[in-house]
Amino acid sequence: MALPRVPFCVIRHGETDFNRDGRVAGRSDAMLTVAGRCAASRLATLDWPGAIRLYCSPQTRARDTAALAFPDLTPVVLSDLRERDWGDLEGAPVSQLGPREATPPGGEPWPEMCARVARALQQVLAGHDPAHPDPALPVLVAHSGIIRATRLLTGGTAGGPSPANAVPHLFLPAGTGWRETDLTGAAAWTA
Numbered sequence: 001m002a003l004p005r006v007p008f009c010v011i012r013h014g015e016t017d018f019n020r021d022g023r024v025a026g027r028s029d030a031m032l033t034v035a036g037r038c039a040a041s042r043l044a045t046l047d048w049p050g051a052i053r054l055y056c057s058p059q060t061r062a063r064d065t066a067a068l069a070f071p072d073l074t075p076v077v078l079s080d081l082r083e084r085d086w087g088d089l090e091g092a093p094v095s096q097l098g099p100r101e102a103t104p105p106g107g108e109p110w111p112e113m114c115a116r117v118a119r120a121l122q123q124v125l126a127g128h129d130p131a132h133p134d135p136a137l138p139v140l141v142a143h144s145g146i147i148r149a150t151r152l153l154t155g156g157t158a159g160g161p162s163p164a165n166a167v168p169h170l171f172l173p174a175g176t177g178w179r180e181t182d183l184t185g186a187a188a189w190t191a
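Each residue of the sequence shown is one higher than the one before, counting from 1 in full-length UniProt numbering.
Source of the hints: derived by calculation from the structure; they are not laboratory data. Everything numeric in this text was worked out from a predicted model, so none of it was measured. All C-beta atoms, glycine included, are put in the ideal place defined by N, C-alpha and C. Please note that the accuracy of each hint is not assured.
As the list claims (entries may be wrong) - Label-pair ranges, simulated between beta-carbon atoms: (1) L46 to E101: 27 to 37 angstroms; (2) G160 to P93: 14 to 24 angstroms; (3) A131 to P93: 40 to 50 angstroms; (4) D72 to A164: 22 to 32 angstroms; (5) D17 to T176: 39 to 49 angstroms; (6) A102 to A164: 21 to 31 angstroms; (7) T60 to Q122: 22 to 32 angstroms; (8) T157 to Q122: 19 to 29 angstroms; (9) T176 to P105: 38 to 48 angstroms; (10) A115 to G160: 17 to 27 angstroms.
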């Protein structure tokens with residue numbers, strides 16, 4: 001399913017103790033560390049491009065990041081933006097994770113997660129018109145797995161290191177594909 005050709009931004013929540021300690025958080029309700037709260041607050045000082053329409057995962061770490069980064073906005077909470085359910089691997093060292101495509105014991109299959117992220121993106125992007133004189137940028141505060149699935153859905157790859165905490169990833173239509181950049185304009189990839 002092709003995504004609407006609308007620029008959007010995805011931000012991974014600020015650092016949690018699970019991230020700091022190299023453990024799988026998944027659906028666990030991990031809280032932001034002091035460093036995570038500071039990084040989320042710094043997002044509020046960025047030069048955001050115009051109006052923003054804010055969305056976030058229902059998980060506390062994403063909601064807290066959204067509140068710190070955009071204190072004047074109330075996010076639309078979308079359950080499809082929640083992190084992958086890692087089942088029996090929740091709380092385990094990240095080094096114990098197998099291939100992303102493998103279904104963890106008692107957890108969510110990767111294809112189901114990607115389908116859920118595609119639904120969320122369709123829902124968010126369908127309501128935005130880039131031709132509007134002052135289009136609002138959809139900004140989604142979510143999780144590493146959501147960014148990985150988004151990369152796959154926009155023609156990139158889901159592999160590589162985890163996306164950094166509290167870093168905005170802009171996804172921009174580029175020709176017939178997409179280009180991912182950060183707010184400094186450094187290209188991550190073009191598909």
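**Asked** Between A115 and G160, does the C-beta distance stay in 17 to 27 angstroms?
**Response** Between A115 and G160, where Cβ atoms are some 22 angstroms apart, the hint holds.
**Asked** Could one say that the CB atoms of T157 and Q122 fall in the range 19 to 29 angstroms?
**Response** holds, 21 angstroms
**Message:** Taking the Cβ atom of A131 and the Cβ atom of P93, is their distance within the range 40 to 50 angstroms?
**Reply:** holds, 48 angstroms
**Message:** I want to verify a distance hint. Is the separation of the beta carbons of A102 and A164 within 21 to 31 angstroms?
**Reply:** For A102 and A164 the Cβ distance comes to about 25 angstroms; the hint holds.
**Item:** Range hint 14 to 24 angstroms (beta carbons of G160 and P93) holds or violated
**Value:** At 19 angstroms between Cβs, range holds.
**Distance restraint hint 39 to 49 angstroms, applied to the beta-carbon atoms of D17 and T176** = holds, 42 angstroms
**Prompt:** Taking 22 to 32 angstroms as the hint, is the beta-carbon distance of T60 and Q122 inside that range?
**Reply:** holds, 26 angstroms
**Request:** Indicate whether the distance between the beta carbons of T176 and P105 respects the range 38 to 48 angstroms.
**Result:** Holds, at about 39 angstroms.
**Whether the CB-CB distance between D72 and A164 falls inside 22 to 32 angstroms** = 25 angstroms Cβ-Cβ, so the 22 to 32 angstroms window holds.
**Request:** Take the C-beta atom of L46 and the C-beta atom of E101, compute their distance, and say whether it sits inside 27 to 37 angstroms.
**Result:** holds, 34 angstroms
Going through the hint list in order, the structure satisfies each hint without exception.
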